[in-house]
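Student: Residue-level listing of the chains:
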Amino acid sequence: MEFNPKIMAFLCKWCSYTGADLAGTSRMEYKPNVHAIRVMCSGRIEPTFVLKAFRQGADGVLICGCHPGDCHYQEGNYKCLRRFHLLKRYVKQMGIEPERIKLEWISASEGKQYAELINSFTQTITELGPCHIKETMEVLT
Amino acid sequence: MAEEKQKIKMAVYWGAACGGCCVSVLDVHEALFDVIAAADLVFWPIALDTKYQDVEDMPDGFIDLTLYNGAVRNSENEHIAKLLRQKSKILVAYGSCSHMGGIPGLANFSTKEEIFDRVYHDTESTVNTDRILPQTEFEVEEGILSLPEFYNDVRTLADVVDVDYFMPGCPPQTARLVEVFTAIVTGAELPPPGSVIGAGNKAQCDECSRKKTENKGVKKFNRPWEVVDDGETCFLEQGILCMGPATRTGCDFRCIQGNAPCKGCYGPTPDSTDPGAKMMSAIASVIDEKEPEAIDKVLDDLVDPAGYFYRYSLPSSYIRRKMS
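If you read the protein sequences in the order shown, they are chains X and F. Using the working numbering, you'd call the opening residue of the first sequence number 1 and step up by one each time. Using the working numbering, you'd call the opening residue of the second sequence number 142 and step up by one each time.
If you're looking for bench data, these hints aren't it; they were derived computationally from the structure. From a predicted model like this one, the values you see are computed outputs, not experimental measurements. Only true hints are included.
List of simulated lysine-lysine pairs, DSS-like, C-alpha gap at most 30 Å:
id, chain 1, residue 1, chain 2, residue 2
1, F, LYS360, F, LYS438
2, X, LYS102, F, LYS463
3, F, LYS360, X, LYS102
So that you can see chain X by itself, here it is in the shape it has in the complex (with noise of 0.2 Å):
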């Protein structure tokens, strides 16, 4: 059978979102295995979010955010952006492939960019294969 991944998106509420909004009102057609969750800003997405998903099945985790001096919140995206480097290199770690989790700046009018984006991921996803965590989560005696 084909391999279908499951991907968790966590998308900003002020630009990603609306951005995605925007692919979906300028009916663009992307790949559907994207799961989005809205948050309200970038900087709200901690490492746990992103573990827990890999431990609940994703296969791959997409991060979006206000491009870099956009934050609603000044700040938001570059905490995010620093989480993102150190969790990358802690998965890495951990035997999972660094370019499962991915990091892009979507703003509110890159509806287009965001379906790209999506078409994009899925395919490097695609590629990588499943996610071996959840079996990994068995105790091996």
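Take the given structure of chain X and dock chain F to it, following the hints.
Tutor: For chain F alone, coordinates are given in the frame of chain X:
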């Protein structure tokens, strides 16, 4: 001897542990006489010569209070954990190892095979040309000798049996033990099962005596020896990693008082499930850089993020072992 009858029965056991938790029980010093006056120690391998068979012969629920310290690393740890669960009214996961996996839990970065290769073949002082490895059973003239099976994964006590209470710490503060012990002996009302006891509900930083400013900004992380600590300023503000933001209180700041940063042995605050992830969140927030390259350069100072952030909690975290 009516008084005698009111004594509670208590057991202390070590799984995959260093022995420090058992010593922390002994650290009650002369109050040990009060402990003995209030409790019969029916099983305590570090101090008493009780055999496993003696425990097996006890009726179910015979022991009032069991402090199980140490992680579950092999079949012996698991067997005794299950046995003690059956024989105890209150089972306490005592110390970081049984609470979250602790230092032995760091073995989840390796597989059983890698550990055996290192220990029985590759260590510089080992000559093992026949590649002999421990067997769980071995036949000799007198019969079959057996050894516990070494598991691939280190687990917490709660992964194996139902645990009534968790007492964090590496080792738990003896003062906290005395408080908990007194509460149980005097029949005080206990918190609901599954609670963390003998610890505070706040983060270390909330009650830390070191001076903090609002504007934390770190451009370089230092090893403690790279900085001349002034003894007053927040460690994080001096660029020294400190687990304070993501760690519970209850330890009476033993490390901080000794001018050492917090290592995180008391585990996550009540609102967090994964202490390492919480810490990553906090650390990333204090980095005072905005460009990806500059951020990466600061992060290069953290040589072992997973090992540092999950020093005591790897087996209880979301990604509880390295994927092979």
